[in-house]
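**Student:** Spelled out from the first residue to the last, the chains are:
2 protein chains.
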Amino acid sequence: MRTRFILIQTSHAGNVGGVARAMKVMGFDDLVLVAPRWANVLRREETIQRASGANDVLAKARIVESLDEALEGMDHLCATAMTPRDFGPPTLAPRAHFDALLRPTVAETPDQTPAPAAPEGVAFLFGSERFGMRNEDVYRCHAALCIPTAPDFGSLNLAAAVQLIAYDWRQALGGFAPPAAAAPPRSLADTQALAGLLQHLEQALVAVDFLDPEAPKKLMPRLNQLFNRAALSEEEVHILRGVAKAMLKTAQQAKR
Amino acid sequence: MRTRFILIQTSHAGNVGGVARAMKVMGFDDLVLVAPRWANVLRREETIQRASGANDVLAKARIVESLDEALEGMDHLCATAMTPRDFGPPTLAPRAHFDALLRPTVAETPDQTPAPAAPEGVAFLFGSERFGMRNEDVYRCHAALCIPTAPDFGSLNLAAAVQLIAYDWRQALGGFAPPAAAAPPRSLADTQALAGLLQHLEQALVAVDFLDPEAPKKLMPRLNQLFNRAALSEEEVHILRGVAKAMLKTAQQAKR
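First to last, the sequence lines map onto chains A and B. Heads up, the first sequence is in numbering that gives the first Met the number 0, so the first residue is 0 and it goes up one at a time. Heads up, the second sequence is in numbering that gives the first Met the number 0, so the first residue is 0 and it goes up one at a time.
Please keep in mind that the hints were generated in silico from the structure rather than gathered at the bench. All values derive from a computational prediction rather than experimental measurement. Honestly, I wouldn't trust all of these hints.
No more than 25 Å apart at the CA atoms, straight line, and that leaves these computed lysine to any residue pairs for SDA-like [as the list claims (entries may be wrong)]:
1) 59(B) <-> 211(A)
2) 244(A) <-> 151(B)
3) 59(B) <-> 244(A)
Using C-beta positions, here's what the derived DEER-type ranges look like [what the hints assert, rightly or not]:
4) 154(B) <-> 232(A): 31 to 37 Å
5) 218(B) <-> 117(A): 24 to 30 Å
6) 99(B) <-> 248(A): 36 to 42 Å
7) 44(B) <-> 95(A): 48 to 54 Å
8) 58(B) <-> 150(A): 48 to 54 Å
9) 216(B) <-> 72(A): 26 to 32 Å
10) 117(A) <-> 39(B): 49 to 55 Å
Far from chain A, by Cβ distances over 12 Å, these chain B residues were calculated [unchecked claim]:
11) 49
12) 101
13) 119
14) 162
All C-beta atoms, glycine included, are put in the ideal place defined by N, C-alpha and C.
Can you make the complete structure from the sequences, with help from the hints?
**Tutor:** The structure is reproduced here in structure tokens:
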């Protein structure tokens, strides 16, 4: 499935750079500008600065005169509009729409007319910073995506809106894995190892005169629960037993 | 639950403004800056410009000297770090962590030690643009959030990172509803209305010599399926029957 971001009549060069960066960080690179304010917007200093390394997206980007040219090869159009239009496409939250779009209805029996397949080219359309999208451009779209924002402040920066849509769409497409932790996975201590630790600690706590064996109250069950919640690793059990051992040794020396 | 965003040693004033805007658009307003590069960063022109109306967040923001001061009252700390640290907190994707955090384990029987409740104050920590977070600051955190980005380009702008975290966190907290569509909800045409339309259209298509009643092929079932997928409203059925009526009338006039 191809993904395209289309900016219509964008006026701030910095935003074009920010959009290129926001796209690349989510693995997208097809950017089309319809009649931007600056003809040289892709080469302006502010653009390149805010792109912060997403130069290949800028290099590949196209500038066209009309929305028609920008839409070539796309078969599913998503407007991004904060204001729903009468007779326009349904207003939907991005996540819900992406889920529905990628799970098309399946025909129930083989001899039924097959349901339409998932789209092959999805375009996200963003209007100008000052005026948003024109009604006639919104009417062409299959959905009007509305990012849910605070009721009293819906002023999303253009690059921020692209960032959120690109993120949700990438996640819906399966996402990128977070980097593996540098440390190898922890190997959890089993209950026997934990019981050994608690016994060892109990002796140490008695030795340093913190725990009174005649009136132990609920100290050991509390520690047991604390360690359960912490899900101790084998290595951590070793460390804590080392602490218990050192406490016992110091207590013996103190009694000499 | 309280939510705080903490920026550590931020160097670009524009980013502070962008962060204020990103927070406010998701309904958050508690911003703390630890040792920013500019002491007057909250009043700089670039900051106010990029905040684009989120002036109340800037007015409420605090500047402090140390992370300790910034953390007051918080009991769950999320680092945002692209590079996992040995011996640091687990590296987690934001959505998965937020889901787990807001659904704490429930004790299975009433007499068990109750599971710890959900946190009351959650802080999101962001390092400086150039160096990220210091190891010792990451070690204090309960989780290291890693926004899943393209494997070859993980360079998220600071305000963009705050925007994504604020969005995921707001969604996890229940989200904001998208605005209701301006138009009243469509009232779907029932199957009887659809059957009437198809009959009317069939007559009209015969009248304009498009459909041969002796060899109708599969035209009407195809139209039926098309209309099923489109989920026609009652109003749309009226419009299409108006079209059929006009076709029939024109065909009659043509035969005179």
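**Student:** May I ask which of the numbered hints given earlier this structure violates, with the numbers listed in increasing order?
**Tutor:** Hints 1, 2, 3, 7, 8, 11, 14 are the ones this structure does not satisfy, whereas the remaining hints hold.
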